[in-house]
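Protein chains: 2
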Amino acid sequence: MRIAVMQAEAKVLGIERNLDAIDQAAQRAAADDVKILLTPELFTVGYAPYVLRDSLDVSALPDVRERLSRIAAQHSIALVYSLPEVTDNGWLITSTFVDHQGEQLAHYQKVQLFGPEEHEVFIAGTNPPASFEYRGTTLGMVICFDVEFPEVVREASRRSVQLLLVPTAMGRGYEQVCTRLIPTRAMESQLFIAYANHSGTEAGFELAGTSVIAGADGSILAQGGPDAELLAADIDVSTLATIRTEVPYLAEARVDLYAQWSSGTSAGK
Amino acid sequence: MRIAVMQAEAKVLGIERNLDAIDQAAQRAAADDVKILLTPELFTVGYAPYVLRDSLDVSALPDVRERLSRIAAQHSIALVYSLPEVTDNGWLITSTFVDHQGEQLAHYQKVQLFGPEEHEVFIAGTNPPASFEYRGTTLGMVICFDVEFPEVVREASRRSVQLLLVPTAMGRGYEQVCTRLIPTRAMESQLFIAYANHSGTEAGFELAGTSVIAGADGSILAQGGPDAELLAADIDVSTLATIRTEVPYLAEARVDLYAQWSSGTSAGK
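Chains as they are written, first to last, in numbering that gives the first Met the number 0: chain A, 0 to 268; chain B, 0 to 268.
Since the hints were derived computationally from the structure, they do not count as laboratory data.
Computed from a prediction, not measured in an experiment: that's the story for all the values here.
Treat the hints with caution; some may be incorrect.
What the hints assert, rightly or not - Computed beta-carbon distance windows for the label pairs:
(1) Arg1(B) <-> Val254(A): 55 to 65 Å
(2) Ser218(B) <-> Gly224(A): 20 to 30 Å
(3) Ser159(B) <-> Ala72(A): 48 to 58 Å
(4) Gln103(A) <-> Tyr49(B): 18 to 28 Å
(5) Gly199(B) <-> Gln259(A): 32 to 42 Å
(6) Val57(B) <-> Val236(A): 41 to 51 Å
(7) Gly203(B) <-> Asp233(A): 32 to 42 Å
Idealized CB from N, CA, C, for every residue including glycine.
If we strip away everything but chain A, and leave its shape as in the complex, we get (with noise of 0.2 Å):
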């Protein structure tokens, strides 16, 4: 299954530019024969936090969703795309997976937040890591510093999740999560990884780029540069059992072992 990231700059609100250049990359995306296209984290409305909780209008939203999915089924190609979440509680970072006919398979809300303005902006979701089906694959969803705790990921892989989507906002200067990070996670969970980040300034906040496609054997299938482009990878999940067997971290881990360490109960033998 060939899949597409999507790596740009958004412009902060300006969701009528940014819902085009979704809609351009789609249209360029299946026409290149993917299935799914993964965008940036927050990218529909700029990754923004105070800009965001200041001045976004949220009864928009309903609309924005609305017209996502249509960009969807209009060039029947699976998108994933990132929005904030209005609830009681507050606001939460989440993902939501429409299928080529822009139905809603799955909604994620993103766990691990990063630095003070997320922290003061958005509350953290408690679910786990996405899992469901899509064209025989199973799919998962985190965002951005959720990928960078294995644990997370781990869970993932229990969750029998073949390939991983994660939409990200990743700063200049951490580019080593994309050149190193990703592949590492991908490898020690035995599962694929699509990585998309933003380019470009938003906010006065310089984006690394670097979008990557791993291999569940860490290797790295696609990767950008600092600037906009879009990436894609053949996807195999065929592959995975070979993989698996290969070097079988995940059957070897001995996680019950680990679970005694951190509750104490094996320590100083």
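Given the coordinates of chain A, assemble chain B onto it according to the supplied hints.
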């Protein structure tokens, strides 16, 4: 504190020759003001599980340990060496830390055996990563495949380890463990890692070199090439407080939530 990593080809069952090589490395390292010399997995006997099982004279091991202690004391340098340990239940792969007077401060038994040879010849340990004080720093030890499991390094970090010392025997073709995984482990669990590999070929097994000393921010402080060499780096644990504040991986990891997920108590909310 300056540390060094010995990267070299061992002679399988060539204990005299391998002790000489460690002695020379200790001499060179001590002259460079190195306080701790880390040597590769099973270096003194060679990395060759079947050959060791069939031909190693285990009655010689206590004397080998004595001589390794004397090397440390003679050059006034702490030494991490790795040997098989013979118990009533079977053999284990171990590492031992002796201080600059040759006194043993810590001992560790490998928990994650790698591949069919190790599984046939050795039994796996169950104790958590070693954690102990030396010259004002909290050191830890694990071995080779152990470090590829993020939970093992998390446990070391939970035990306050600031510098994790890892003898290894990593084959060619898996260099990404050295170049991507080790720096990722160091970054995500916010400790320094030194990872000492063999180079050359032992009992037909081609070893990757590429040993690494990684900073707690994921930086690479030293990285070996494919051939024998002595790597060194200065470890400044006073930087840990800043590193752990800048990106608070340890402080913000939602360990209770992860535990709920894996026990199934918060799924499907």
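Taking the hints in turn, this is what the structure says about them:
{"no.": "1", "hint": "Arg1(B) <-> Val254(A): 55 to 65 Å", "in the structure": "violated, 37 Å"}
{"no.": "2", "hint": "Ser218(B) <-> Gly224(A): 20 to 30 Å", "in the structure": "holds, 22 Å"}
{"no.": "3", "hint": "Ser159(B) <-> Ala72(A): 48 to 58 Å", "in the structure": "holds, 54 Å"}
{"no.": "4", "hint": "Gln103(A) <-> Tyr49(B): 18 to 28 Å", "in the structure": "violated, 56 Å"}
{"no.": "5", "hint": "Gly199(B) <-> Gln259(A): 32 to 42 Å", "in the structure": "holds, 38 Å"}
{"no.": "6", "hint": "Val57(B) <-> Val236(A): 41 to 51 Å", "in the structure": "holds, 46 Å"}
{"no.": "7", "hint": "Gly203(B) <-> Asp233(A): 32 to 42 Å", "in the structure": "holds, 35 Å"}
This entry does not satisfy hints 1, 4, going by the numbered hints stated previously.
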